[in-house]
Amino acid sequence: MTEFEVNGERRSVAADPDTPLLYVLRNDLGLVGSRYGCGTGQCGACFVMVDGKALPSCDTPLWSVANKSVITVEGLSKGGALHPVQKALLAEQAAQCGYCISGIAVTAAAFLQQNKNPSESEVRAALDRNLCRCGAHNRVVRAVLRAAKEMP
Amino acid sequence: MSRRIRFERDRSVWIASGKVELGQGINTALAQIAAEELDVALERIRIVAPSTAYSPDEGYTSGSMSIQEGGKGMRAACVEARGRLLAHAAQLLGAPIAELTVEDGTIRAKNGSSVTYWECAAEATEAPPAGAGVKPSGPARVLGKSAPRIDLPAKIIGQPAYVHDMKLPGMLHARIVRPSRPFKRIVSLERIKIPGVSVVQDGSFVGVLAEREEAAIAAAKKLREKSVWEESRVPEDFHAWLRKNVTERVITKEARSEVRGEKTLKASYTKPFIAHASIGPSCAIARMKDGKLEVWTHSQGIFGLRHELSIVLNLPVESIVVTHAEGAGCYGHNGADDVALDAALLARAASGRPVRLQWTREDEFAWEPYGPAMSFDLEAKLDASGGIVSWKHEFWSNGHTNRPGRSPKPALFAAGQLAKPFERTPAIDPALPAGGSERNAIPLYDFPDLLVVKNYVRETPRRVSSLRALGAYGNVFAIESFMDELAAAAGADPIEFRLKHLKDPRARAVLERLIPEFRNRKKAEAWGHGIAFAKYKNIGAYCAVLAEVEAGEVLRVRRLVLAADVGLQINPDGVANQLEGGAIQATSWTLKEDGKIGAVSWEDYPILKFTEVPKVEVLLLNNDFPSLGAGEAAQGPTAAAIANALYDALGVRVRDLPLTPERIVKAMG
Ligand code: FES
Ligand code: FES
Chain A
0 MTEFEVNGER RSVAADPDTP LLYVLRNDLG LVGSRYGCGT GQCGACFVMV DGKALPSCDT
60 PLWSVANKSV ITVEGLSKGG ALHPVQKALL AEQAAQCGYC ISGIAVTAAA FLQQNKNPSE
120 SEVRAALDRN LCRCGAHNRV VRAVLRAAKE MP
Chain B
0 MSRRIRFERD RSVWIASGKV ELGQGINTAL AQIAAEELDV ALERIRIVAP STAYSPDEGY
60 TSGSMSIQEG GKGMRAACVE ARGRLLAHAA QLLGAPIAEL TVEDGTIRAK NGSSVTYWEC
120 AAEATEAPPA GAGVKPSGPA RVLGKSAPRI DLPAKIIGQP AYVHDMKLPG MLHARIVRPS
180 RPFKRIVSLE RIKIPGVSVV QDGSFVGVLA EREEAAIAAA KKLREKSVWE ESRVPEDFHA
240 WLRKNVTERV ITKEARSEVR GEKTLKASYT KPFIAHASIG PSCAIARMKD GKLEVWTHSQ
300 GIFGLRHELS IVLNLPVESI VVTHAEGAGC YGHNGADDVA LDAALLARAA SGRPVRLQWT
360 REDEFAWEPY GPAMSFDLEA KLDASGGIVS WKHEFWSNGH TNRPGRSPKP ALFAAGQLAK
420 PFERTPAIDP ALPAGGSERN AIPLYDFPDL LVVKNYVRET PRRVSSLRAL GAYGNVFAIE
480 SFMDELAAAA GADPIEFRLK HLKDPRARAV LERLIPEFRN RKKAEAWGHG IAFAKYKNIG
540 AYCAVLAEVE AGEVLRVRRL VLAADVGLQI NPDGVANQLE GGAIQATSWT LKEDGKIGAV
600 SWEDYPILKF TEVPKVEVLL LNNDFPSLGA GEAAQGPTAA AIANALYDAL GVRVRDLPLT
660 PERIVKAMG
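In the order they appear, the protein sequences are chains A and B. Under numbering that gives the first Met the number 0, the residue at position 68 of the first sequence is numbered 67, and the numbers go up by one with no gaps. Under numbering that gives the first Met the number 0, the residue at position 262 of the second sequence is numbered 261, and the numbers go up by one with no gaps.
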């Protein structure tokens with residue numbers, strides 16, 4: 000059994016400790032907001048926060064998050080209230096297919112916790128590990144800058 | 000009331016579309032049309048994923064035709080439904096149809112009595128009198144206004160949204176076992192024994208089924224590493240190979256006349272294979288139970304897919320239901336259909352349990368059909384006044400579509416790998432006016448002497464099919480680069496030079512829209528500006544692009560300005576979003592993408608990143624001509640505008656895509 004915290008709740012999972020966190024989240028915990036894109040940490044679609052840091056859940060074995068706190072895209076919104084990043088993404092209509100967008104939301108949320116007043120180029124640099132094939136980048140950047148102003 | 004429109008108890012309207020959501024926002028645009036024609040609030044419309052079980056067969060969702068075709072079908076169905084409802088309400092309320100008004104689904108007579116759609120839909124079965132459902136003309140309520148996408152909230156908060164996220168009771172996880180290079184057949188399959196994992200083999204088709212996803216991944220990896228395939232040979236230099244393997248030489252357009260030219264210019268261009276490279280690799284779910292097959296897929300053509308599944312699996316079409324579920328953006332024909340057959344083949348061995356097959360990133364890069372490589376020769380003559388009098392354009396290409404359901408032989412990938420293999424159908428090249436490789440090969444300019452020739456190559460050593468814009472991307476790159484070379488030779492301004500040869504007023508208007516931006520361009524060391532234009536497919540949207548680049552160690556596109564005319568805009572923000580997305584993707588193709596065989600990861604096939612993406616401004620020209628799709632209009636002009644800007648910056652012409660640093664350095668000599 001591996002015990003860890005997901006979106007503020009204590010969970011214990013029987014899966015093999017070497018299982019990538021992504022499949023535990025999606026298949027054991029029913030949290031499918033983290034998407035599979037490459038399985039090798041190269042695209043950002045599966046990003047989650049582990050102790051506040053955004054990283055690829057596809058490349059993170061279950062054992063390594065034991066007793067840590069994981070926040071997934073589902074955990075960004077609290078009690079029905081969207082995270083400022085999610086609100087801003089919606090306001091800017093910052094997606095086409097949206098497959099990349101939950102990973103982007105997580106990366107941006109983690110980034111804004113560190114940098115409350117980022118410049119446009121800092122936002123772009125922070126998102127460089129997240130790929131988007133639809134070309135929604137500029138809208139995403141506008142959304143993150145907008146969210147920065149709303150962060151608590 | 001109708002198979003595709005239902006008035007639900009919660010006062011929503013359920014509508015089955017024939018077009019599929021590909022991330023282009025089609026469902027929102029269709030909902031806007033339905034809300035407008037039915038006179039109900041947009042929030043009440045629920046567009047339901049198409050299924051062969053209940054949807055109209057509107058063919059493929061492709062080629063920017065969704066709004067043209069799907070919009071028409073949707074409008075007709077809504078007018079019909081509204082007619083029935085009004086005719087029935089007229090009886091109930093004892094008032095003539097012409098005196099009824101509708102507001103958010105409530106039908107009112109002059110005397111104030113009223114009835115709602117939801118109250119009378121069940122009885123409104125009689126055919127209405129002709130024209131009953133046509134709305135009196137008046138200002139549009141919903142159409143032409145930007146509406147937020149109805150599908151985005153679920154995606155942004157991380158709810159299940161894609162076929163990848165479906166979970167059916169008893170579902171097994173699957174992976175496929177294939178090498179990453181073209182192969183003829185499997186020579187030896189490694190035997191493995193892992194509890195909870197079973198291996199399925201039919202000829203050279205191999206897959207694994209497991210209770211847990213990570214077990215399926217591990218088993219497939221092990222099998223792939225230890226098994227042996229016979230590779231097939233692929234040409235080293237595809238462009239040279241194309242020229243040597245022509246199946247048929249076709250005159251696309253010939254309008255010859257005797258002309259006197261002073262100066263002749265010639266140039267050759269190439270475009271490589273390009274991957275669709277969806278962020279989410281293809282996925283499908285299949286269940287085979289009691290002789291019936293159900294498939295959930297992000298295919299662009301559920302009826303075509305059903306047709307081919309029926310051939311390959313030897314099942315009557317009546318025994319197959321194919322239902323659409325969203326995938327990641329696809330930009331053309333990617334692995335969506337192939338993974339569905341793979342899943343169905345595995346489902347045959349799953350004793351009635353549903354099978355979820357996820358292609359890996361490697362599978363997608365190795366086996367999705369790529370947009371074909373093309374080669375172009377251009378030749379033109381200028382007269383003494385610096386005008387083009389003669390134009391020749393000859394090109395070489397494979398066919399541009401290999402979608403399932405278009406030929407009696409299956410196109411689905413696994414069909415050729417079974418123990419009793421099917422002969423694969425080659426990629427075909429759709430005829431003009433839409434065209435495949437010929438798309439946009441005929442210039443929109445007026446040239447007295449014109450010849451356009453296609454060389455079709457049937458044999459496909461590598462899988463190819465439709466990629467966003469098809470032949471238009473390469474043709475427009477070649478034509479508009481060459482126009483720039485000619486303008487330079489004639490000592491002319493690139494916009495003036497184009498206008499001089501262009502009569503179509505809407506074409507002129509988009510180019511003229513860029514004149515102020517172009518005149519005010521900032522001049523600096525190693526910065527350059529380029530212009531290009533096309534009318535997509537010669538029958539679609541007009542788009543002119545201004546590219547601003549900085550040619551340092553690498554070529555950076557700093558800014559793109561798009562002037563576009565897409566006719567009446569159903570959802571202006573949606574149009575801008577699609578044009579911008581298209582231009583950014585085209586920038587990625589143009590700067591970085593070269594689909595060499597053997598690429599299996601984002602490291603082998605890099606795409607444009609956040610720090611590399613240019614600013615994009617979209618200028619939409621307003622008019623109420625019929626709506627035209629916007630999704631592909633920017634692809635070709637963006638490529639040429641970048642190449643032209645590079646020339647402006649450094650004085651070098653790179654004629655082979657992508658415009659990599661190595662090529663730029665080589666061109667500089
Ligand atoms: S799926 Fe994890 S980074 Fe791509
Ligand atoms: S919106 Fe489709 S990949 Fe980003």
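Just to be clear, a hint being listed does not mean it is correct.
To be verified - Capping the alpha-carbon separation at 27 Å, the derived lysine-lysine pairs in DSS-like fashion look like this:
{"id": "1", "chain 1": "B", "residue 1": "Lys-221", "chain 2": "A", "residue 2": "Lys-148"}
{"id": "2", "chain 1": "B", "residue 1": "Lys-144", "chain 2": "A", "residue 2": "Lys-52"}
{"id": "3", "chain 1": "A", "residue 1": "Lys-148", "chain 2": "B", "residue 2": "Lys-608"}
{"id": "4", "chain 1": "B", "residue 1": "Lys-252", "chain 2": "B", "residue 2": "Lys-166"}
{"id": "5", "chain 1": "B", "residue 1": "Lys-502", "chain 2": "B", "residue 2": "Lys-252"}
{"id": "6", "chain 1": "A", "residue 1": "Lys-148", "chain 2": "A", "residue 2": "Lys-77"}
{"id": "7", "chain 1": "B", "residue 1": "Lys-71", "chain 2": "B", "residue 2": "Lys-144"}
{"id": "8", "chain 1": "B", "residue 1": "Lys-614", "chain 2": "B", "residue 2": "Lys-521"}
{"id": "9", "chain 1": "A", "residue 1": "Lys-86", "chain 2": "B", "residue 2": "Lys-614"}
{"id": "10", "chain 1": "A", "residue 1": "Lys-86", "chain 2": "B", "residue 2": "Lys-608"}
{"id": "11", "chain 1": "B", "residue 1": "Lys-614", "chain 2": "A", "residue 2": "Lys-115"}
{"id": "12", "chain 1": "A", "residue 1": "Lys-86", "chain 2": "B", "residue 2": "Lys-502"}
Please keep in mind that the hints were generated in silico from the structure rather than gathered at the bench.
Verification of the supplied hints:
A distance of roughly 50 Å separates the Cα atoms of Lys-221(B) and Lys-148(A); the hinted pair therefore is violated under the 27 Å criterion. For the suggested pair Lys-144(B) and Lys-52(A), the alpha carbons sit about 40 Å apart, so the restraint of at most 27 Å is broken. This hinted pair checks out: Lys-148(A) and Lys-608(B) have alpha carbons roughly 24 Å apart, not beyond 27 Å. Under the criterion of a C-alpha separation no larger than 27 Å, the hint pairing Lys-252(B) with Lys-166(B) is inconsistent with the structure, at around 52 Å.
At roughly 19 Å between alpha-carbon atoms, Lys-502(B) and Lys-252(B) fall within 27 Å of each other, so this suggested pair holds. The straight-line distance between the Cα atoms of Lys-148(A) and Lys-77(A) is roughly 19 Å, inside the 27 Å bound, and the hint therefore holds. At most 27 Å may separate the alpha-carbon atoms for a hinted pair to count; Lys-71(B) and Lys-144(B) meet this at roughly 19 Å. At most 27 Å may separate the alpha-carbon atoms for a hinted pair to count; Lys-614(B) and Lys-521(B) meet this at roughly 15 Å.
For the given pair, Lys-86(A) sits about 23 Å from Lys-614(B) by alpha-carbon distance, which is consistent with the 27 Å threshold. Our distance criterion of 27 Å between C-alpha atoms is met by Lys-86(A) and Lys-608(B), whose separation comes to about 23 Å. Under the criterion of a C-alpha separation no larger than 27 Å, the hint pairing Lys-614(B) with Lys-115(A) is consistent with the structure, at around 23 Å. Between Lys-86(A) and Lys-502(B) the CA atoms are separated by roughly 47 Å; this puts the pair beyond 27 Å, and the hint is violated.
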